[in-house]
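Each protein sequence line maps, in turn, to chains G and X.
Numbered according to my numbering, the first sequence terminates at residue 283, and the numbering increases by one at each position without gaps.
Numbered according to my numbering, the second sequence terminates at residue 647, and the numbering increases by one at each position without gaps.
It is possible that part of the hints are untrue.
Simulated restraints, written as ranges between beta carbons of each label pair [unchecked claim]:
1) X/ASN260 with G/ASN278: 41 to 51 Å
2) G/ASN229 with X/ASN212: 14 to 24 Å
3) X/VAL224 with G/ASN229: 51 to 61 Å
List time: in silico DSS-like cross-link candidates among lysine-lysine, alpha-carbon distance up to 25 Å [said to hold, decoys possible]:
4) G/LYS127 with X/LYS513
5) X/LYS513 with G/LYS271
6) X/LYS513 with G/LYS148
7) X/LYS459 with X/LYS413
Derived from the structure by calculation, the hints contain no laboratory data.
Owing to the predicted nature of the structure, the values given are computational and were not obtained by experimental measurement.
Glycine included, C-beta positions come from ideal geometry on N, C-alpha and C.
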Amino acid sequence: MALVAFYGINRRQYDLYAAPTTAETRVIQQRLKNWGYYTGSVDGIYGSKTKSAVISFQKKNGLVADGIVGTKTASAIGITLSASSSSSTATNSNLYLLARCIYAEARGEPYTGMVAVGAVVLNRVSNADFPNTISGVIYQPWAFTSVNDGQINLTPSQTAINAAQDAMNGWDPTYGCLFFYNPKTAQSQWIYSRKVVTTIGNHRFAL
Amino acid sequence: MKMRINRTLFLLMSLAIVVLSVIAVSNIIRRNTLATSLENVYEQNFYDVVSNVNDLEVKLSKLTATNSDTIKSRLLIEIWNQCNFTTNSLSALPISHQTVADTSAFLNKLGAFAYINAINLSNGEDITSENTTQFNTLHTSCVTLQKDINDLSEVISGNYNIVNNAKKNNLGDFSSNFSSMQKNSVNYPSLIYDGPFSDSVINKEIKGLPDNILTAEEAKSLLEEKTKDTRITKVVYNGKTEGKFTTYDFNLKLNTGHTAYAQVTEKGGLVLTISNYRAVDTITKTEDECIIIAEDFATKFGFENMKSVWVMQNNNIAYVNLVYTENDVIYYPDLIVVKIAMDTGEMLGWEAMSYAYNHTGRIYSEPEITELQAKSSVSPLLTIDNVRLAVIPKEYLKEVFTYEIACSKDGLSYFVYVNAITGVEEEVLRVVDTNQGSLVQ
Numbered sequence: 077m078a079l080v081a082f083y084g085i086n087r088r089q090y091d092l093y094a095a096p097t098t099a100e101t102r103v104i105q106q107r108l109k110n111w112g113y114y115t116g117s118v119d120g121i122y123g124s125k126t127k128s129a130v131i132s133f134q135k136k137n138g139l140v141a142d143g144i145v146g147t148k149t150a151s152a153i154g155i156t157l158s159a160s161s162s163s164s165t166a167t168n169s170n171l172y173l174l175a176r177c178i179y180a181e182a183r184g185e186p187y188t189g190m191v192a193v194g195a196v197v198l199n200r201v202s203n204a205d206f207p208n209t210i211s212g213v214i215y216q217p218w219a220f221t222s223v224n225d226g227q228i229n230l231t232p233s234q235t236a237i238n239a240a241q242d243a244m245n246g247w248d249p250t251y252g253c254l255f256f257y258n259p260k261t262a263q264s265q266w267i268y269s270r271k272v273v274t275t276i277g278n279h280r281f282a283l
Numbered sequence: 207m208k209m210r211i212n213r214t215l216f217l218l219m220s221l222a223i224v225v226l227s228v229i230a231v232s233n234i235i236r237r238n239t240l241a242t243s244l245e246n247v248y249e250q251n252f253y254d255v256v257s258n259v260n261d262l263e264v265k266l267s268k269l270t271a272t273n274s275d276t277i278k279s280r281l282l283i284e285i286w287n288q289c290n291f292t293t294n295s296l297s298a299l300p301i302s303h304q305t306v307a308d309t310s311a312f313l314n315k316l317g318a319f320a321y322i323n324a325i326n327l328s329n330g331e332d333i334t335s336e337n338t339t340q341f342n343t344l345h346t347s348c349v350t351l352q353k354d355i356n357d358l359s360e361v362i363s364g365n366y367n368i369v370n371n372a373k374k375n376n377l378g379d380f381s382s383n384f385s386s387m388q389k390n391s392v393n394y395p396s397l398i399y400d401g402p403f404s405d406s407v408i409n410k411e412i413k414g415l416p417d418n419i420l421t422a423e424e425a426k427s428l429l430e431e432k433t434k435d436t437r438i439t440k441v442v443y444n445g446k447t448e449g450k451f452t453t454y455d456f457n458l459k460l461n462t463g464h465t466a467y468a469q470v471t472e473k474g475g476l477v478l479t480i481s482n483y484r485a486v487d488t489i490t491k492t493e494d495e496c497i498i499i500a501e502d503f504a505t506k507f508g509f510e511n512m513k514s515v516w517v518m519q520n521n522n523i524a525y526v527n528l529v530y531t532e533n534d535v536i537y538y539p540d541l542i543v544v545k546i547a548m549d550t551g552e553m554l555g556w557e558a559m560s561y562a563y564n565h566t567g568r569i570y571s572e573p574e575i576t577e578l579q580a581k582s583s584v585s586p587l588l589t590i591d592n593v594r595l596a597v598i599p600k601e602y603l604k605e606v607f608t609y610e611i612a613c614s615k616d617g618l619s620y621f622v623y624v625n626a627i628t629g630v631e632e633e634v635l636r637v638v639d640t641n642q643g644s645l646v647q
């Protein structure tokens with residue numbers, strides 16, 4: 077589970093299991109209390125007491141005793157976790173910004189091409205020649221045409237959000253590329269001097 | 207009669223001219239206001255760069271003048287911070303990437319180098335004499351940069367307008383001012399260190415690929431063989447990627463009509479990436495079922511001892527994280543992420559880059575401190591829930607053999623990592639709940 081932070085070093089973030097909300101935790105605590113597994117107060121905080129109550133509940137009911145209220149444990153307790161049937165709105169602002177950039181730059185491209193554009197942004201973040209944040213990279217003047225002409229403000233599709241999620245989870249079909257361009261429309265001569273690593277859809281990806 | 211029509215027409219025309227003029231003038235005013243606000247933002251960022259570079263020069267010179275570790279450590283942290291601020295402001299200026307890349311690289315590397323030295327100092331290590339020499343050279347570069355940027359600042363504080371002088375294609379005066387500055391000053395020293403932006407991190411060694419070299423044809427048949435009995439009906443070769451990894455790329459035709467994408471390494475023939483997407487609307491598989499599917503794929507693709515350490519759900523897709531496990535030791539760096547659709551259990555994605563970078567025959571099995579000793583070094587304010595052995599990646603390219611101790615306090619969950627050889631606390635992470643799930647930070 078802790079890998080998330082380790083990979084934070086590489087500026088990739090991993091989401092973990094969907095945790096119950098405070099309201100859901102209250103329901104869990106109340107039911108476990110009614111059934112005699114839980115003796116603490118019904119405060120909505122998923123602390124160690126709640127956790128050990130969940131573990132003994134899981135043991136008693138033949139579930140994996142990990143103290144985590146996943147889909148199975150939740151249904152055994154008789155609740156549905158809101159997060160597991162999650163809505164499509166991304167709440168992570170970096171993820172959403174990346175998705176907007178992917179949508180603006182690559183919405184006509186194959187899925188892998190969309191992931192690749194996201195990976196280029198993240199590769200830039202960890203490269204010294206570029207700004208050090210996702211927003212810094214995306215809004216760097218003239219870095220992306222879609223930022224200049226305002227297309228970055230379009231609402232991203234669910235596919236773009238998924239592609240952004242994959243890029244953040246480490247998918248990089250370009251293996252470290254820092255640039256991409258469409259040879260049909262590229263205006264800068266300079267970009268042709270970069271070493272092309274791969275072509276996905278209409279985009280060439282380069283170092 | 208005719209006169210009257212003419213007069214009416216004249217009045218109407220005049221009215222139209224007045225209205226149009228008012229609109230035109232108010233548009234000009236609005237545009238000027240916007241241009242002025244933009245100019246102000248640019249100038250603010252520019253002056254931030256100037257003052258930060260001036261500060262950096264002073265701090266670097268002080269660093270070479272002091273003999274106190276406390277002052278050194280404070281200066282190093284300040285230099286690191288200041289470099290971050292400067293690159294942020296720099297990247298907001300209307301200058302093309304080519305023009306600013308070297309300056310940005312200088313600042314980023316200087317910051318990272320300062321940070322690494324600060325960490326070393328806090329661990330009780332002195333700044334080595336090589337590093338002291340490097341700081342002297344960096345100071346010299348910084349002096350030149352400072353002179354050039356202050357010259358530019360004099361130009362700008364005259365009647366200069368950044369907005370008017372910033373144009374992309376002829377690069378404008380502003381960019382060319384920067385460009386000549388970059389050419390003059392920046393004879394940047396190359397830094398040797400292991401830290402962010404260092405060459406060893408950027409060009410990190412790939413350790414996990416077997417030695418045999420495959421042809422495209424061999425890679426294709428390997429993939430066909432490993433994906434038989436799946437929804438994949440046809441494997442089509444689609445060229446080669448020559449980045450940090452050299453891979454053969456394939457389009458996979460599925461019996462659902464979708465096309466997925468896969469990459470197999472030229473060296474070692476490892477299935478490195480599979481990427482596919484479709485919307486998943488329902489959940490019929492449990493997380494446990496998805497874990498079994500993911501682990502089966504790992505076995506099928508030739509990866510032994512891969513165990514799920516956690517699963518994250520997003521839009522009815524399970525991201526199963528598998529890591530290499532041997533003798534009850536978890537090797538976090540050797541990670542493979544597998545995406546499973548929770549409706550049909552179809553595999554939607556596979557990513558083995560971390561595994562390919564890190565997996566070697568290394569074995570950590572004998573901790574030198576006991577579990578009890580490890581537990582006793584955890585803060586007494588925490589309640590210990592669970593302990594296991596784990597190899598964790600540490601900043602920068604290092605690995606540490608640790609006890610992973612899951613703890614809780616006041617309803618919050620923490621992971622404490624205690625070095626299994628030295629007993630030093632290496633890392634502490636906290637689980638943060640977000641409405642998308644939990645993260646650790």
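Cross-check of the supplied hints:
1. X/ASN260 with G/ASN278: 41 to 51 Å: holds, 46 Å
2. G/ASN229 with X/ASN212: 14 to 24 Å: violated, 50 Å
3. X/VAL224 with G/ASN229: 51 to 61 Å: With Cβ atoms ~36 Å apart, the hint is violated.
4. G/LYS127 with X/LYS513: Distance ~23 Å between G/LYS127 and X/LYS513 Cα, so the pair holds.
5. X/LYS513 with G/LYS271: violated, 38 Å
6. X/LYS513 with G/LYS148: holds, 20 Å
7. X/LYS459 with X/LYS413: violated, 32 Å
Figure legend: structure checked against the earlier numbered hints; hints not met, in rising order: 2, 3, 5, 7.
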